[in-house]
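2 protein chains.
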Amino acid sequence: MNKLLIILALLLPCSAFAELRGSGDLGIIIEREPAAIQIINTSTQKSLSKITGLGDLSHASVVYSRDARYAYIFGRDGGLTKIDLLQDVISKRIIQAGNSIGGAISQDGKLVAVSNYTPGGVKIFSSETLELIADIPAVYGDGKLSKVVGLVDAPEQKFIFSLFDAGEIWIADVQNPTAPKIEKFKNIGQQPYDALITPDGRYYIAGLFADRGLALLDLWSLEQGVKRILPDYGKQDEKLPVYKMPHLEGWAMAGDFMFIPAVGQHEVLVINRSTWQLVKRIPVIGQPVFVMARPDGRQVWVNFAFPDNAHLQVIDTKNLSLMKSLSPGKAVLHMEFTPRGEQVWVSARDDNRVVIYDTQRLTEMARLSANKPSGIFFSSRAHKLGL
Amino acid sequence: MNKLLIILALLLPCSAFAELRGSGDLGIIIEREPAAIQIINTSTQKSLSKITGLGDLSHASVVYSRDARYAYIFGRDGGLTKIDLLQDVISKRIIQAGNSIGGAISQDGKLVAVSNYTPGGVKIFSSETLELIADIPAVYGDGKLSKVVGLVDAPEQKFIFSLFDAGEIWIADVQNPTAPKIEKFKNIGQQPYDALITPDGRYYIAGLFADRGLALLDLWSLEQGVKRILPDYGKQDEKLPVYKMPHLEGWAMAGDFMFIPAVGQHEVLVINRSTWQLVKRIPVIGQPVFVMARPDGRQVWVNFAFPDNAHLQVIDTKNLSLMKSLSPGKAVLHMEFTPRGEQVWVSARDDNRVVIYDTQRLTEMARLSANKPSGIFFSSRAHKLGL
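As given, the protein sequences belong to chains A and B, one line each in that order. Anchor point for the first sequence: position 108 equals 97 in my numbering, and the numbering is continuous, going up by one each time. Anchor point for the second sequence: position 361 equals 350 in my numbering, and the numbering is continuous, going up by one each time.
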């Protein structure tokens, strides 16, 4: 009996805390089918664990707590799940809406916001307990509710988002989280479908599904209101069908340039980030989806919509020309760079693998098995504005 | 006997792993006298532990492992100490030289480099074991050894540093760590005393103690060699004594501008970061030492040399004008922003405290006691190029 107790005492605390982990080199791979996540380590390039029971992960995204210990997963089915990366368990899970599209975490790390399609609006939760703190219905016109898209966090404890049906951009100041102060910008263009905030947190840019150009809000000069930039961007001519609307959060800032996917064209557009003027069109092999800069800005990596989605192309940002084409596998959905840029992890959904590249040599370093992998999110996002 | 064993078994593993910690919101405060460090948490704004036995910390700096679990402390006496932030202990400590000035960690996290005065050169260690991997004596002229300053890590697994006595900049490519490849740039100016690398890892800039101007190396165009920029910078006119040469790593990048401390003048200089031309001189209350941007670039914080070192001033980077003056305490030595910028921690050496400010309201949030605090280093540096 005593021996058993000793063995139990020796085993139990150690199994709960078996492996002491720094949380700076962790990440999550979303598996779509069957829905699950893998917790991975970018130093060892290994999978640490798999967690199921997370609902529908067909369009999932992830943000991290400021200590990088917890991940918040936003599922398509309105699920919000808090994962403990140090113990490989679900800390808490709620269904907060009928249909949701993404989320953000406040600058101080205390609030998690979710943007919802059904019912249209933003809900704000305690990052610690997932208790509801505030509800912001996206009311417009005659009391209708709009779908909400393009939700990001911004400096000075703000959330910013766009109302797809209303054509509006709202800023929620959550200094006092139970009573958010809302500032509304109306008539910003028809059907904003996604948005981004620049890495410095200064410019919020929304893509317009039913209008040409992009809606730009300079958060340092709100009194100037929303401007339209790149007046020819968007609504493609009729020649090419658009297989996938490019994600805006996949736009790349590198030095003086912004690299953005042309809609429906086999081109990456290079924009001067001071004047918002087009500098160059770089021909690529397909319709670009994500256009992502290596953290030092020396390369931009591009993936593509069907039928060219087994490929990646790498752009040299000094010469503004292609430097390499790669074929990681079928249906490349997402890419994530390690924070100092020496690796990039690429999900190839239909080959059930994640391929890791050395970004200097442009060669494969390792690969992991994953079931229909889509998004890849590293814990260093904890320290980034707008991610 | 068995009871004792049970109690021991229950206590020991739990005391070793008492508190499970994410490592994303940790940091270190250097205490100069008596020499020690405090491990702190920026979410709770509390001190977690104190560690002694680190030698001379009068000019200490810190880098972090890529998992943010370990800190490497470079002491003035040539000590290199690896701290485990999760267990509040020294993992390993060596004396690697007679007199050292700082260090860096490689892009892949596997190598820690230290720049030494005595003997002049750079030594490279395994980040895991602190075993010596490579020794790069800073040989120049007739076999003399130069003091080494301004050591930084750079993209694609490089270290860059300057030779004070030789007037040279060296790039060490450590892809093959046991046989670094060295590229030397000679006649870059007299007595480089410190250097920085821009946050994107593109430009290496060295300050010149015995020359006017600054030495600039564009790492994307090495064939162009080292250029001299800001030809009037540095060697002050004779009117004002220089109380302290400004640290170059304290320069601020914010939007299109670079904010740098004028040497010996009561001014912060604003430089266009594309043309390297002077845009404006902003008058401040003393000789600036550190000029640091809030991570979103909306503010720049400035501290000062004696006799104005009880103060801080905050510059509004939109208007390029002063917005606030603060008095944290006597002998303000260093400032560190949380990675998303909502807090800044300030050390006031001669009042034995660290003061934490809310950067939006510009008000004090909390203060901690510390013995003669100097440098403050947060674990989010693990994910930054050049820090």
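Rather than coming from a laboratory, the hints here were simulated on the basis of the structure. All of these numbers come straight from a predicted model, not from anything done at the bench. Incorrect hints may appear among the rest.
Any copy will do: because identical chains look the same in the list, a pair fits if it lies in one copy or spans two.
With a cut-off of at most 25 Å between alpha-carbon atoms, the simulated SDA-like pairs for lysine to any residue come out as follows [as the list claims (entries may be wrong)]: (1) Lys133 with Glu22; (2) Lys175 with Asp339; (3) Lys35 with Glu145; (4) Lys81 with Arg262; (5) Lys99 with Arg356; (6) Lys216 with Val128.
Tested hints:
no., hint, in the structure
1, Lys133 with Glu22, "neither (35 Å within a copy, 65 Å between copies)"
2, Lys175 with Asp339, "neither (41 Å within a copy, 53 Å between copies)"
3, Lys35 with Glu145, "between (37 Å within a copy, 22 Å between copies)"
4, Lys81 with Arg262, "neither (41 Å within a copy, 47 Å between copies)"
5, Lys99 with Arg356, "between (35 Å within a copy, 21 Å between copies)"
6, Lys216 with Val128, "within (23 Å within a copy, 58 Å between copies)"
Comparing the model with each numbered hint stated earlier shows that hints 1, 2, 4 do not hold.
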